[in-house]
Amino acid sequence: MDREYLDKLKKIRDDKLRLFYKDEMNRKMMKCGDLNEEPYNPTTFLYIRAFLGDNGNRPIPSGKCYCLSPDIELYLNGSVFDTVNPLLPESNYTVQVTVTNDGDQACNSCTVDLYLCKPSLGFSTQGGTMIGITNTRIEAHSSATVEFPFTTTKDMEGHRCMFARAYSLTSNDYPEDMVNFNSYTDRHIGQQNLNIVHQGKTLEFDVNRIIKEKGKNVYIVFKRDNVLFENQLISKRFALSNKRVFTDKIKLYEKNNLMTKPEIITKRSKVLNLLKSSNQKNKLKLSNENQYNIKLPYIPGTKELEQGKWSYQIRSELSNIKMEIPMLGLEKNEAIPMRLAVIDPATGESMGEITVIVVA
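Using our numbering, the letters of the sequence shown map in sequence onto residues 1 to 360.
In short, the hints are calculated from the structure, not lab data.
Among the hints, a few may not be true.
Simulated pairs of lysine to aspartate or glutamate, EDC-like, Cα-Cα distance not exceeding 20 angstroms [to be verified]:
#1 236 to 349
#2 322 to 204
#3 322 to 82
#4 249 to 204
#5 309 to 248
#6 118 to 82
#7 236 to 186
#8 236 to 344
#9 216 to 349
#10 309 to 186
#11 201 to 139
#12 154 to 204
#13 216 to 344
#14 251 to 204
#15 223 to 186
#16 309 to 155
#17 251 to 206
#18 236 to 73
#19 243 to 155
#20 309 to 230
#21 64 to 186
#22 309 to 157
#23 251 to 324
#24 216 to 254
#25 223 to 82
#26 64 to 4
#27 322 to 254
#28 201 to 157
#29 255 to 204
#30 201 to 344
#31 243 to 331
#32 309 to 324
#33 118 to 334
#34 322 to 186
#35 255 to 206
#36 154 to 139
#37 249 to 230
#38 64 to 331
#39 236 to 331
#40 243 to 254
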């Protein structure tokens, strides 16, 4: 290409630019942008991924498993710990939480906090134990990882749910609710929430204060949810069983808040015989068992609705419920994925839920 031709192209370009900037409206638009729009102000966009490929849009698309965030990883003694397993007491763990800022503005002070909760329908800061809180800087269109070391106590053992929150008060990028953990609708919250229960055993869970009105009637729903097996952690560990769960055989009991004393248990003679041949330790064991087995009301399933729903009235801010899982004929490594939720009958919306894997 010869020099004369290049000079000609340059002259054409310069002439067009001069004509463009000669117009006052064009100069104003280049300075302020679209005349009908306000000047662009960059913001942060913080989120914790709920699943691989998550871009922070909420609510979570239907058919996506959002209870096992890839951005919350648990380590035991330096090695990745499988969250399918229960926590061990008096052990040293580290939790790594990754937060993404997909905004055009850097976040100079992103606060990240981590909570450990018991299985519950409706998770909140009031029903959880804070593991730690920290701050970090996250550049625009980037991510950062923070660590939370902690040692489990004896009352932390078993299956627990972890919730991480990421927010920045300085850039007005924070959760819609600073008390409840609504990861389904809020990009600032991520969770690791998987409960394993063996067939023929019981699942104990709380109905947390997500129901604010004492005396409110709700539905407790226990349904099969094969979406959980889209998660590689679950599909590699278990074989999906097609066995049917007859929920009409499942019973729910609400925990009696008052300790049941041996002297007020019915069938007095049988109890006295047990106490007579037992030591003080066995007396305490008998009292604890009867918190559920003798004194507790059965929560009946709703007859007019399909199986898997129970009518329930909230009586306090934190209710404890036990669910008896029948034998399902599961073989070794077989599992049935279930979702346990509390539903508002007026709207049909979920007010809190946990994922449950029933195994052999």
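Checking each numbered hint in turn, tell me which of them this model violates, lowest number first.
Violated: hints 1, 3, 7, 8, 10, 11, 15, 16, 19, 20, 22, 25, 26, 30, 33, 34, 36, 37, 38, 40.
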